[in-house]
Amino acid sequence: MGFNFDFALSTIPTIIGAIGTTLLATVLSCLGASALGFTFEMIRRGGGAPGLAVRFLIDFIRSTPVLAWLYFLYFVLPFYGIRLGAMTVGILGLSLYYSGYLAEVFKAGIDAIPKGQQEAARALSVTRRDTVVFVIAPQMLRNVAAPLGNYLVSILKATPYLAILAVPEMLGRAFDIASETYRYAEPLTVAGILFLALALILAYGVRRIEQRLLAAGRR
Amino acid sequence: MLDIWLGILQGLGITLEVTAYGLVFAVPFALVFGVVQFLTTGMTRFLVTAVIEFWRSSAVVVLLFFFYYVLPVMGITLSALTVSALVLGLNTGGYASQAVRAGLQSLPAGQREAGMALGLSRPAILFLIELPQALVAMSPTFVNNLIQLVKATSLVSLVTLTDMTFRAKEIAQTDYDPVAIYSALLLAFFVVCYPIALAGRWLEARVNPERGTPRGI
Numbered sequence: 001m002g003f004n005f006d007f008a009l010s011t012i013p014t015i016i017g018a019i020g021t022t023l024l025a026t027v028l029s030c031l032g033a034s035a036l037g038f039t040f041e042m043i044r045r046g047g048g049a050p051g052l053a054v055r056f057l058i059d060f061i062r063s064t065p066v067l068a069w070l071y072f073l074y075f076v077l078p079f080y081g082i083r084l085g086a087m088t089v090g091i092l093g094l095s096l097y098y099s100g101y102l103a104e105v106f107k108a109g110i111d112a113i114p115k116g117q118q119e120a121a122r123a124l125s126v127t128r129r130d131t132v133v134f135v136i137a138p139q140m141l142r143n144v145a146a147p148l149g150n151y152l153v154s155i156l157k158a159t160p161y162l163a164i165l166a167v168p169e170m171l172g173r174a175f176d177i178a179s180e181t182y183r184y185a186e187p188l189t190v191a192g193i194l195f196l197a198l199a200l201i202l203a204y205g206v207r208r209i210e211q212r213l214l215a216a217g218r219r
Numbered sequence: 001m002l003d004i005w006l007g008i009l010q011g012l013g014i015t016l017e018v019t020a021y022g023l024v025f026a027v028p029f030a031l032v033f034g035v036v037q038f039l040t041t042g043m044t045r046f047l048v049t050a051v052i053e054f055w056r057s058s059a060v061v062v063l064l065f066f067f068y069y070v071l072p073v074m075g076i077t078l079s080a081l082t083v084s085a086l087v088l089g090l091n092t093g094g095y096a097s098q099a100v101r102a103g104l105q106s107l108p109a110g111q112r113e114a115g116m117a118l119g120l121s122r123p124a125i126l127f128l129i130e131l132p133q134a135l136v137a138m139s140p141t142f143v144n145n146l147i148q149l150v151k152a153t154s155l156v157s158l159v160t161l162t163d164m165t166f167r168a169k170e171i172a173q174t175d176y177d178p179v180a181i182y183s184a185l186l187l188a189f190f191v192v193c194y195p196i197a198l199a200g201r202w203l204e205a206r207v208n209p210e211r212g213t214p215r216g217i
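So the protein sequences, as listed, match chains C and G. FYI, the numbering for the first sequence is 1 to 219, going by my numbering. FYI, the numbering for the second sequence is 1 to 217, going by my numbering.
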């Protein structure tokens, strides 16, 4: 049983059809991870017992595999009577896992802003909340854009894990075809090439945006 | 609870075995490809970059399935352990090679020029002056890559290797308490990976005292 190119070509439309699910999962997970990561970083900066707890949580997340988190959420939530769709659980899992990494990105982004900015805001009696929203966040966004882009590509490459939870993204579709036809080689090759192409395109886009931001910063 | 822990620990051997074999592929790949990418220009550099980018840009799960299901069709049958070590190792090696290359590039040109002024050959400059400095500066990245590799071994459960994740799934099929089982699995990985991260931070502070407070994992 050799590699059948005609069959491989015939699987392309079905697998490409799932590209929307793959990209939706990528973008929603990235947004979720950013929101959660920023919240974690703010609590960590606040210090005290909550800060210490979040510091440990971030280290814990970063020391454990994403697959274990997906299994954990997928089997543990129903145990407590929380029934969510596979896609929702998948996005929650990726958001939680990558929030640990993005908290570190936000940490570096904020640390790179001169301390004088915060001191100036305090001297003008701007509240802590307003300082974060109007002084720190806009400047931080430029610092974190590049690493955030890299994590967007990482999250794209992590979406095939969702196939394990039966989310019909590209790898999931490839496995559907494989189990119907008993041919694994062709759909998996197509899925591999499509994921590679998507990751390269996204990485290229991220690099372009990064260059533009660096050019803007140099003015 | 004790049976759960014992069950998961049975998989620790495979987890560590895949990590160790993965490093056998990762370390030479990272060093050779990182150095070659640094030294060469033109066509050679393009080809080396293409190979590195392939390993870095592919989704690991997809590659793992690809090697496990597609290679046999082409007449190459490798064991699940070999496939896992190869895919995870070369993926990790791809990332580490960029650390090696970036580390070499970040060295001031004066380092090389001083070597040339002393009459050292190009390989001697590379092995005696450039690489040692680059490797020390890149050690935090290598620790990150090692932790990534340990965590990625959880994927080998998908190609039938009986690692910790596989054992956890196995116990979950007979036991009714997924909360305890999957919490124990997360904890087991934490217990393996966190000491590596702490050792890395310690090492970073040790070899580079002037770098100030080391960043997270």
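None of these hints come from the bench; they were simulated from the model. Ideal Cβ positions, reconstructed from N, Cα and C, are used throughout, including at glycine. Hints may be right or wrong, so weigh each one.
Label pairs and their computed distance ranges (CB to CB) [unchecked claim]: (1) G/T40 with C/G47: 35 to 41 angstroms; (2) G/L198 with C/P114: 28 to 34 angstroms; (3) G/A114 with C/P50: 49 to 55 angstroms; (4) G/W5 with C/A166: 26 to 32 angstroms; (5) G/A109 with C/G17: 51 to 57 angstroms; (6) G/S106 with C/L213: 17 to 23 angstroms; (7) G/W202 with C/L23: 53 to 59 angstroms; (8) G/A109 with C/G85: 53 to 59 angstroms; (9) G/P108 with C/Y204: 41 to 47 angstroms; (10) G/V32 with C/L52: 53 to 59 angstroms.
Selected chain G positions facing chain C (in silico; Cβ < 8 angstroms) [unchecked claim]: (11) L23; (12) V24; (13) V27; (14) L31; (15) W55; (16) S57; (17) V61; (18) V143; (19) A152; (20) T165; (21) Y182; (22) L186; (23) F190; (24) Y194; (25) A197.
Cross-check of the supplied hints:
no., hint, result
1, G/T40 with C/G47: 35 to 41 angstroms, "50 angstroms, violated"
2, G/L198 with C/P114: 28 to 34 angstroms, "31 angstroms, holds"
3, G/A114 with C/P50: 49 to 55 angstroms, "52 angstroms, holds"
4, G/W5 with C/A166: 26 to 32 angstroms, "29 angstroms, holds"
5, G/A109 with C/G17: 51 to 57 angstroms, "52 angstroms, holds"
6, G/S106 with C/L213: 17 to 23 angstroms, "21 angstroms, holds"
7, G/W202 with C/L23: 53 to 59 angstroms, "41 angstroms, violated"
8, G/A109 with C/G85: 53 to 59 angstroms, "56 angstroms, holds"
9, G/P108 with C/Y204: 41 to 47 angstroms, "30 angstroms, violated"
10, G/V32 with C/L52: 53 to 59 angstroms, "43 angstroms, violated"
11, L23, "17 angstroms, violated"
12, V24, "21 angstroms, violated"
13, V27, "21 angstroms, violated"
14, L31, "23 angstroms, violated"
15, W55, "10 angstroms, violated"
16, S57, "4 angstroms, holds"
17, V61, "4 angstroms, holds"
18, V143, "12 angstroms, violated"
19, A152, "7 angstroms, holds"
20, T165, "6 angstroms, holds"
21, Y182, "4 angstroms, holds"
22, L186, "5 angstroms, holds"
23, F190, "5 angstroms, holds"
24, Y194, "5 angstroms, holds"
25, A197, "6 angstroms, holds"
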